[in-house]
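There are 2 protein chains.
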Amino acid sequence: MKLHGYFRSSAAWRVRIALNLKSLKVDHLARHLRKGEQRAADYLTCNPQGLVPTLEQDDGTMLTQSLAIIEWLDETHPTPPLLPRDPLARAKVRAFAQAIACDTHPVQNLKVLNRLRELGMAEPAVTAWAAWVNTEGLGACEKLISNEPGPFCFGAAPSLADLCLVPQLGNARRFGVDVSAYPRLLRAEAAAKAMPAFADATPDRQPDAE
Amino acid sequence: MKLHGYFRSSAAWRVRIALNLKSLKVDHLARHLRKGEQRAADYLTCNPQGLVPTLEQDDGTMLTQSLAIIEWLDETHPTPPLLPRDPLARAKVRAFAQAIACDTHPVQNLKVLNRLRELGMAEPAVTAWAAWVNTEGLGACEKLISNEPGPFCFGAAPSLADLCLVPQLGNARRFGVDVSAYPRLLRAEAAAKAMPAFADATPDRQPDAE
Chain P
1 MKLHGYFRSS AAWRVRIALN LKSLKVDHLA RHLRKGEQRA ADYLTCNPQG
51 LVPTLEQDDG TMLTQSLAII EWLDETHPTP PLLPRDPLAR AKVRAFAQAI
101 ACDTHPVQNL KVLNRLRELG MAEPAVTAWA AWVNTEGLGA CEKLISNEPG
151 PFCFGAAPSL ADLCLVPQLG NARRFGVDVS AYPRLLRAEA AAKAMPAFAD
201 ATPDRQPDAE
Chain A
1 MKLHGYFRSS AAWRVRIALN LKSLKVDHLA RHLRKGEQRA ADYLTCNPQG
51 LVPTLEQDDG TMLTQSLAII EWLDETHPTP PLLPRDPLAR AKVRAFAQAI
101 ACDTHPVQNL KVLNRLRELG MAEPAVTAWA AWVNTEGLGA CEKLISNEPG
151 PFCFGAAPSL ADLCLVPQLG NARRFGVDVS AYPRLLRAEA AAKAMPAFAD
201 ATPDRQPDAE
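From first to last, the protein sequence lines are chains P and A.
So for the first sequence, our numbering puts the first residue at 1; every next one is plus one.
So for the second sequence, our numbering puts the first residue at 1; every next one is plus one.
In isolation and in its complexed conformation, chain P is listed as follows (with noise of 0.2 Å):
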């Protein structure tokens, strides 16, 4: 398989952690965002939105959405799980992830904040903007499991929700968040960050890193 992704995408660093942690060699793809490769005529035949990541299948068959595809992953490579099995504390494990996944990363994607720029808003502006999306949606992420024993965000073991908490928590801090106000949220990222598999999906650690 092939993962087209970029270093610093976050949606592209969760994707990474899920093939690490199930032992998934795939080749890496880079499409730089900053120059516009993933708005080039061939990659949007891969992926329509223009985004990254997209995994292709040996066959052709293209899979985007970085959930998604975590999620076909865990169905079809089950070891480790990356959900529990309880409906339940599934749906607390996906909310978690959709918090950062759905209303946090996307609102400060680098598509939005080029628009931003686009519409005249100068840089501090743009930063604080971005500094504001993480700031309310890791204050939430926060209290979702305020009571969560750990040390990941649900539990022993890391899961869909620590896939997207540590690289949400890398935006946050390139964007001048002071990430000591969420004290629970870096316990589970120390837990995770002592994982080979969350430590090589770093972006400094990625092909094309800058």
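If you are wondering where the hints come from, they were derived from the structure by calculation, not from laboratory data.
Hints are all accurate, no fakes.
If several chains are the same, the list does not tell them apart, and a pair holds so long as it fits within one copy or across any two.
Pairs of lysine-lysine, DSBU-like flavour, derived with a Cα cap of 35 Å:
1. Lys35 with Lys143
2. Lys143 with Lys22
3. Lys111 with Lys143
4. Lys111 with Lys35
5. Lys35 with Lys25
6. Lys193 with Lys111
Since the structure of chain P is already known, use the hints to place chain A on it.
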């Protein structure tokens, strides 16, 4: 069960359709988003994000995030199914749903539009922002199912994809988008709207409709 929602919220609308398709009756509690009721202290203990919907179980357990709620409903009340059985087919349905629920709806929801207003954006530009987001999202969605036979987004029965599509088309029209550019989406919407489960979930049929 109780559904905390708002007649015009497209995320709550998705869950209303799912409940109707599963023939599940719940109490509907309106949280008036334009009056800020979703930020009341008692509601933030239910949903730390201050968003609707929240599905409150009889034992007080709170489920948040529309897609997580719908997947929980599908796992606990499997008939009729809202996702196919085949993992690859499930991934395609989820990716379509997430193209709306992650990359479209949250970038044009009330919270984001209000932030743009607070930052000094004039009302026509706010509407243009929301129209841009819908045009980008629905344009990609049209391509994602262009080769699917239909009449629904994916096949002969409604799925999670249709639950996301129908409310988003409602949003798009509200922001002045010319949806005639999306004939395949409109075909799926027409099939859906012929079903009472979809017809009874529209904003104008809710007790809190204005």
